[in-house]
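All chains should be built: construct the whole structure from the sequences, respecting the hints.
Each protein sequence line maps, in turn, to chains S and D.
Following the working numbering, the numbering of the first sequence begins with 1 at its first residue and continues without gaps.
Following the working numbering, the numbering of the second sequence begins with 1001 at its first residue and continues without gaps.
Just so you know, the hints here were simulated from the structure itself, not pulled from any lab data.
A couple of the hints might just be wrong.
[Unchecked claim] Only pairs whose alpha carbons sit at most 30 Å apart, straight line, appear in this in silico DSS-like list of lysine-lysine:
1. K1119/D - K12/S
2. K12/S - K105/S
3. K1091/D - K1030/D
4. K1041/D - K1022/D
5. K1119/D - K1047/D
6. K1121/D - K96/S
7. K1041/D - K1067/D
8. K105/S - K1121/D
9. K1030/D - K1047/D
10. K1091/D - K1044/D
11. K12/S - K111/S
12. K1067/D - K1030/D
13. K1067/D - K1022/D
14. K105/S - K1119/D
15. K1167/D - K12/S
16. K1121/D - K111/S
17. K1167/D - K96/S
18. K69/S - K48/S
19. K12/S - K1121/D
20. K1167/D - K1121/D
21. K1119/D - K96/S
22. K1167/D - K78/S
23. K1027/D - K1047/D
24. K1044/D - K1030/D
25. K1041/D - K1091/D
26. K78/S - K44/S
27. K118/S - K105/S
28. K1067/D - K1044/D
29. K1027/D - K1091/D
30. K1119/D - K1041/D
31. K12/S - K96/S
32. K1044/D - K44/S
[Stated by the list, open to error] Using C-beta positions, here's what the derived DEER-type ranges look like:
33. R1130/D - Q97/S: 22 to 30 Å
34. R52/S - T1051/D: 32 to 40 Å
35. D1134/D - R52/S: 35 to 43 Å
36. E1105/D - Q34/S: 24 to 32 Å
37. L95/S - S1069/D: 58 to 66 Å
38. K111/S - K1091/D: 57 to 65 Å
Glycine included, every Cβ here is placed at the ideal spot set by N, Cα and C.
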Amino acid sequence: MGCGFSRQHVVKTNVSSFDRELLDLKIQRDSLQQYEQRLSDSLKNYIKLARRLVAENQRQQALVVLQVKHALQKSIEKAQNMRFNLEQVLSEIELKQIETDYVLKLRTGTKLLQSIQKTLSIEEIEHLLEETKEAIEFQNKVTEVLGSFSLMEIDESCEEELEQLETAMFPPVPKRLEKTMTPQVTENMQVKSETAKEYSKQESILLPS
Amino acid sequence: MTVFRYPPFYSYPPSFTLQPVKATREKQLKLWCDLVLSYCKHYKIFKLSVTDSANSSLFANTAIDRKLSLAAVEEVFSRLVSMGYGEWLNKEANVCLIYWRRPYEWAEIIYDWVERSGKRKSILTFYEIRFSEDTAEFEFHGIDPELLLRSLQVLESQGKCAVFEGKTNDDLGVKFR
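The following block contains the structure:
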């Protein structure tokens, strides 16, 4: 199957040391995110605890909890800032990567274009165009000549055909007579047909005029 | 999340005792295997431990006060593994990956996501695939890292990606072609 075929042509995805470093950065970003997650989870717990302490009227302890909560919030903010910075660096790296790729491709594209242009010189193109123009003009003349000629040709051949048709449709009279008579007359056939032939000869001489 | 609906055999007390007749037993094991797979799919569970799950509602129906024995649960898991719907992760701890989708199926789903989201040629961390907001609506969100590794190895064998470690970090990442 196609599967087995494609397996033979597996090309290993290359991992460069640049990729490894990029991965390190991304892992760093992930761990910051995990850190934030952890902090905001405990933040929720502290808020719950503070509410409970207030409900139990333990003001002093509630104040301590709130202080911790504030410290946590600051840490979260710091972590967030770090993560945003990292995200920015990452996206810049990726953009630069695409940019370098783009420039490389652009370079090969330009080279390709130049090599194609090299095979064609302007004089050659002008010469070719000139030749094409001449060829077209010649063809036009040919068509013109052929057009005026063809009408006459058709006329002559038409006349010929007309004659053929006429002889076919209106055969000499004696022949017709012979046809109608054949069933009845069996004797003296030879003589009669001979006379008919004579008649037809006479008619064919007369007809063209 | 909607409540999982157990199949009818789950409310039938004899289901919780392994049947001595071979044909019946086969059928019974098949029912349990199907239940494990649909249960895990419903709750998006990627691995189960034999001892923990034996005490969970999956194998213990408190409504009829019946429970599958540990040995029977083990047998169900072995059956899953032999049918290719599971893989022992840690034989000593009896932890088993449950394949309600097999690694090659996950591989296809993940690669489809990579292509559709324009993530080809980019480097992703395992954490990103498992927990980022980008994958929240996909079935593989929260996938077990071992299962993810196995699925990506399928793609790797097809030349569609490379799994690798960082320079200073042993956390895994993947680069898609």
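Hints and how they fare:
no.: 1; hint: K1119/D - K12/S; result: 18 Å, holds
no.: 2; hint: K12/S - K105/S; result: 22 Å, holds
no.: 3; hint: K1091/D - K1030/D; result: 22 Å, holds
no.: 4; hint: K1041/D - K1022/D; result: 28 Å, holds
no.: 5; hint: K1119/D - K1047/D; result: 28 Å, holds
no.: 6; hint: K1121/D - K96/S; result: 14 Å, holds
no.: 7; hint: K1041/D - K1067/D; result: 21 Å, holds
no.: 8; hint: K105/S - K1121/D; result: 16 Å, holds
no.: 9; hint: K1030/D - K1047/D; result: 19 Å, holds
no.: 10; hint: K1091/D - K1044/D; result: 22 Å, holds
no.: 11; hint: K12/S - K111/S; result: 29 Å, holds
no.: 12; hint: K1067/D - K1030/D; result: 17 Å, holds
no.: 13; hint: K1067/D - K1022/D; result: 21 Å, holds
no.: 14; hint: K105/S - K1119/D; result: 20 Å, holds
no.: 15; hint: K1167/D - K12/S; result: 20 Å, holds
no.: 16; hint: K1121/D - K111/S; result: 25 Å, holds
no.: 17; hint: K1167/D - K96/S; result: 21 Å, holds
no.: 18; hint: K69/S - K48/S; result: 11 Å, holds
no.: 19; hint: K12/S - K1121/D; result: 13 Å, holds
no.: 20; hint: K1167/D - K1121/D; result: 19 Å, holds
no.: 21; hint: K1119/D - K96/S; result: 16 Å, holds
no.: 22; hint: K1167/D - K78/S; result: 26 Å, holds
no.: 23; hint: K1027/D - K1047/D; result: 24 Å, holds
no.: 24; hint: K1044/D - K1030/D; result: 21 Å, holds
no.: 25; hint: K1041/D - K1091/D; result: 23 Å, holds
no.: 26; hint: K78/S - K44/S; result: 18 Å, holds
no.: 27; hint: K118/S - K105/S; result: 20 Å, holds
no.: 28; hint: K1067/D - K1044/D; result: 23 Å, holds
no.: 29; hint: K1027/D - K1091/D; result: 26 Å, holds
no.: 30; hint: K1119/D - K1041/D; result: 26 Å, holds
no.: 31; hint: K12/S - K96/S; result: 24 Å, holds
no.: 32; hint: K1044/D - K44/S; result: 26 Å, holds
no.: 33; hint: R1130/D - Q97/S: 22 to 30 Å; result: 25 Å, holds
no.: 34; hint: R52/S - T1051/D: 32 to 40 Å; result: 36 Å, holds
no.: 35; hint: D1134/D - R52/S: 35 to 43 Å; result: 37 Å, holds
no.: 36; hint: E1105/D - Q34/S: 24 to 32 Å; result: 28 Å, holds
no.: 37; hint: L95/S - S1069/D: 58 to 66 Å; result: 60 Å, holds
no.: 38; hint: K111/S - K1091/D: 57 to 65 Å; result: 59 Å, holds
Every hint, counting from the list given before, is met by this structure.
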